[in-house]
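So the sequences go chain by chain: A and B. At position 286 of the first sequence (counting the first as 1) the number is 286 in full-length UniProt numbering, and the numbers step up by one without a gap. At position 275 of the second sequence (counting the first as 1) the number is 275 in full-length UniProt numbering, and the numbers step up by one without a gap.
There could be a bad hint or two in this list.
One copy or two, it doesn't matter: identical chains are merged, so the pair holds either way.
[As the list claims (entries may be wrong)] Computed list of lysine to any residue pairs in SDA-like fashion (alpha-carbon distance at most 25 angstroms, straight line):
| # | residue 1 | residue 2 |
| --- | --- | --- |
| 1 | K316 | I122 |
| 2 | K316 | E249 |
| 3 | K316 | D121 |
| 4 | K316 | T21 |
Keep in mind the hints are simulated off the structure, nothing from the lab.
2 protein chains.
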Amino acid sequence: MDIRHDPMLAAAGDLDTPCVTILLDRLEDNIARVQHMIAAAGRANRPHIKTHKIPAIGALQIAAGAIGLTCQKLGEAETFIDAGVTDDMLITFNIVGDAKTGRLMDLAERVKRLAVVADNDIVLRGLSDAARRRGRSLPILIECDAGFGRNGVQWPSTALDLARLADRLPGVVCEGLLVFPNNAPRTLEFFAEAVSLFRAAGMPLPVLSGGGTPSLNSLADYPMMTEHRAGTYVYNDVMMVHSGIATWENCAMHVRTTVVSRPTEDRAIVDAGSKVLTREQYYVQNFGHVVEYPEAAVINLSEEHGIIDLSASAEKPRVGEIVNIIPNHCCVVSNMVDEVYGLRDGRVEIVWPVAARGKVR
Amino acid sequence: MDIRHDPMLAAAGDLDTPCVTILLDRLEDNIARVQHMIAAAGRANRPHIKTHKIPAIGALQIAAGAIGLTCQKLGEAETFIDAGVTDDMLITFNIVGDAKTGRLMDLAERVKRLAVVADNDIVLRGLSDAARRRGRSLPILIECDAGFGRNGVQWPSTALDLARLADRLPGVVCEGLLVFPNNAPRTLEFFAEAVSLFRAAGMPLPVLSGGGTPSLNSLADYPMMTEHRAGTYVYNDVMMVHSGIATWENCAMHVRTTVVSRPTEDRAIVDAGSKVLTREQYYVQNFGHVVEYPEAAVINLSEEHGIIDLSASAEKPRVGEIVNIIPNHCCVVSNMVDEVYGLRDGRVEIVWPVAARGKVR
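Between the sequences and the hints, there should be enough to build the whole structure, so can you do that?
Structure, rendered in structure tokens:
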């Protein structure tokens, strides 16, 4: 591991709050453990950078054996390719409009392989036009909706139609299919039918790309998949613990915060609110897990205030005390701060700028 | 109004998505209208900058008649004081720890008046120590919890105890009481009792500071208040429309986004997800109001995807079409982007960096 060690940096206890800390031993363990899980399932590992948005952590994933990286937005891919982390990049978002397809082709010229998804003919034709104008060939994965209810073609036959259109258009080559998450309800049925349809049509499907951290435990249930894209596993969070894919001890991201008020016996106010933790909940209750007071509940967040209910906690923190909160969803917390602090043995070992924070385009 | 006009800037239609646009006519109208409302109620106007985080907009509020500004975090106050927007600043957050009280005193030395809240003796003693070390006197407002359930002393008698402690401590002068929001359940009863208690004790209360945009309609119900802190009114959002304090036509912030997929007849996917709109809901349903398709519902957000249900909308957007979304909560959207685009008459009149974005400390 090439995490840089700078002995001049502060003791962890000196960090002012709120701030986001990364426990480096856990980060390294998560990267190694999941690389092993994915390799053991016979898949290529293509981690999603959305969780950390930090080129140096992408480099750790590549060093551990990942074949390349996944980005959601062009601006993220530009950041990671500028940093020279990988020359095999996948962008899992429909790229629409001349401004963006132009940037996409600029990037394609700088790496060995830049692949991108499409789930409709308008997007596919736009990619074809842009690639043709540059005299290049762009690898395409067709995004499939196997029950998650977001992007994606709804039927294997539509995927085949789109692949045939790609065959006819200049500048685009259909390399396979992509789904998120791997364990969406219809994945097995959808991919089994697609593989059979494409085979009958004599169309190769070298890449079948699944994704998601919670589906790491069921990789063997989807034997046709060739690669896996997981993001959250590098840090983990309350959602991953509730999903059974991580324990509290696998959670590498802590939001360090100070108790600034104890207005009542059972209420503490901390200086991290939704501007750090976000109000993301999905299927979990409350807004984070308090490491030092596991019976306490982060029951509400204002932008700058975290409201903690201490009624179930025999021990109660005092004003001025530092507490660490594991967020519900670590990926979105990365996007709220300009830097994170990498900790080991009570020291700040490294300060990482979140280089791809806020890359919304 | 001194919004700078640059004729070289783009047509609004050229802005790539997603991005946050501010309709300047509406912004100016909101600033003027609310200044008038607050002045007509006999209050001083001290807008909260958390909504825009942009010094130039703070300057417009001051030019319209605001006596000063409100910040939640030291980093915000530093940004606005660096920009020279006001020399009368209030920080409405308990400042804890030597690092922060030192920064607070640095700021106090640069402006005519910097006031700060306290709701407990530990915070008050910390402020006193820091001010004493600099040989300065710091104005304090005692934060009261009149039923909102966040920070604040719970009883008027506790406020008096804290004011008496401030009297005994060097470096701090209690100037009054503060509450958020103005229309919290017990505000009237709490402040009436406090005013009477302080009067009986011979302690002046020159400042009684209320807050909140939804409470602008009921200022007259709280006649003892001397100043009002509202933030959201500069832009407004779905929550303010639901609160009855604004109409859709008062909403100055639009999130400009592109339809990137139409996976089914009734589903559209746009390129703005929680990384721009955030998943904040509080008391409203869904995740934003689609201006061009008011019957459409933004039913879910991933980080980069907005999922729109078109089943109630007779008209349905095509892939590549631009739609504008009014967010649930404009303040948190400001914090998601590095810049906003000020629009008038179909032109980008100004690009404002969100200078105090991400100032979590």
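Measure nothing new, just compare the shortest in-copy and cross-copy C-alpha distances for K316 and D121 to 25 angstroms and report within, between, both or neither. Classified as between: cross-chain Cα gap 17 angstroms, same-chain 58 angstroms, threshold 25 angstroms.
At most 25 angstroms between alpha carbons: which applies to K316 and I122, within, between, both or neither? between (58 angstroms within a copy, 16 angstroms between copies)
At most 25 angstroms between alpha carbons: which applies to K316 and T21, within, between, both or neither? within (23 angstroms within a copy, 44 angstroms between copies)
Given a CA cutoff of 25 angstroms, do K316 and E249 count as a within-copy pair, a between-copy pair, both, or neither? Classified as within; 22 angstroms inside a copy, 47 angstroms across copies.
Consistency note: the structure conflicts with none of the earlier hints.
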